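Peer 1: Sequence:
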Amino acid sequence: KAANELIEAASMETESGLEDILLVRKLLEGYAAEACAERIEPKELQKLKDLQADYLYAIRHGRAGSEEDLALHLKIAHLSGSPSILRMLKLTDQDAYARFNQAAVRSDEVRENEHESLLAAIEAGDGALARREMERHLEHVGENLQAYFAGRK
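In my numbering, the protein residues as written are 1 to 153.
Keep in mind the hints are simulated off the structure, nothing from the lab. Here the structure is a predicted model, which is why all the values come from computation and not from measurement. Glycine residues also receive a C-beta, built at the ideal position from the N, C-alpha and C atoms. Check the hints yourself; a few may be wrong.
Within a straight-line C-alpha distance of at most 27 Å, the following computed DSSO-like cross-link-like pairs (lysine-lysine) qualify [claimed, not checked]:
#, residue 1, residue 2
1, K47, K26
2, K47, K90
3, K49, K75
4, K75, K26
5, K90, K26
6, K47, K75
7, K90, K43
8, K90, K49
9, K26, K43
10, K49, K26
11, K90, K75
12, K43, K75
Just the calculated beta-carbon pair ranges, DEER-fashion [said to hold, decoys possible]:
#, residue 1, residue 2, range
13, D50, A150, 31 to 37 Å
14, Q46, G17, 32 to 38 Å
15, H61, E19, 28 to 34 Å
16, E139, K49, 33 to 39 Å
17, T14, K90, 18 to 24 Å
18, A128, P42, 32 to 38 Å
19, D54, E15, 14 to 20 Å
20, D20, D54, 17 to 23 Å
21, E41, A150, 41 to 47 Å
Given these sequences and hints, build the entire structure.
Peer 2: Following this line, the structure appears as structure tokens:
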């Protein structure tokens, strides 16, 4: 029952539901980014950079990039070494990521730089900075989301 409730909560597309998802993501992904930075191997770092390149390619060619964004975030969670965090983040379905990216597309924000400082912190092996950069990134996603819903009222 609890798992079903968590899945249902992660699928909410209301403003408050999406804000709740971002709050959980901020907690989980901040930790994941920190752990990832502290344990990443060069081969895995290249995989993250490749996923970032896929994301940039998508948005530069007029797509939202939600699938590529999700793949990058899930890879960071995987590299954190915590299967539980990865499973919890996978509950946040593609529709929620699509909504987050839709909000970013409608804002005037440049989305190409969304992950650069995060990946730089991971590459430097600076876990504390990686956590802060992930949290900053997700706060920015939240700001875009608020602007998106404010424009729909």
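Peer 1: Now tell me, hint by hint, if it's right for this structure.
Peer 2: Now the hints, each set against the structure:
Distance restraint check for K47 and K26: the Cα-Cα separation of roughly 22 Å lies within the 27 Å cut-off, and the hinted pair is therefore satisfied. Pair hint K47 plus K90 holds up; C-alpha atoms about 19 Å apart against a cutoff of 27 Å. Between the alpha carbons of K49 and K75 the distance comes to roughly 11 Å, so the proposed pair stays at or under 27 Å and holds. Using a Cα cut-off of 27 Å, the hinted pair K75 and K26 holds, with the two alpha carbons roughly 16 Å apart.
For the suggested pair K90 and K26, the alpha carbons sit about 14 Å apart, so the restraint of at most 27 Å is met. At roughly 8 Å between alpha-carbon atoms, K47 and K75 fall within 27 Å of each other, so this suggested pair holds. Between K90 and K43 the CA atoms are separated by roughly 23 Å; this keeps the pair inside 27 Å, and the hint holds. For a cut-off of 27 Å, the pair hint linking K90 to K49 stands: about 21 Å separates their Cα positions.
Restraint check for K26 and K43: satisfied, since their Cα atoms lie roughly 26 Å apart, inside the 27 Å limit. Taken as a hint, the K49 and K26 pair is honoured in the structure, with Cα atoms around 21 Å apart against an allowance of 27 Å. For the hint pairing K90 with K75, the CA-to-CA distance comes to about 11 Å; that is within 27 Å, so the pair holds. For the hint linking K43 to K75, the alpha-carbon distance of about 13 Å falls within 27 Å, and the restraint holds.
Checking the proposed 31 to 37 Å range against D50 and A150 shows it holds: the Cβ atoms sit about 36 Å from each other. The given range of 32 to 38 Å is respected by Q46 and G17, whose C-beta atoms sit roughly 36 Å from each other. The hint said 28 to 34 Å for the Cβ distance between H61 and E19, and at roughly 30 Å that hint holds. Judged by the Cβ atoms, the range 33 to 39 Å given for E139 and K49 is violated: they are separated by roughly 23 Å.
Roughly 21 Å separates the CB atoms of T14 and K90, a value that falls within the hinted 18 to 24 Å. For the pair A128 and P42, the supplied restraint of 32 to 38 Å is violated, since their beta-carbon distance comes to about 21 Å. The supplied range of 14 to 20 Å is broken by D54 and E15, whose beta-carbon atoms lie about 29 Å from each other. The given range of 17 to 23 Å is broken by D20 and D54, whose C-beta atoms sit roughly 28 Å from each other.
Checked against the hint of 41 to 47 Å, the pair E41 and A150 passes, with Cβ atoms roughly 43 Å apart.
Of the numbered hints given earlier, the model fails hints 16, 18, 19, 20; all others are met.
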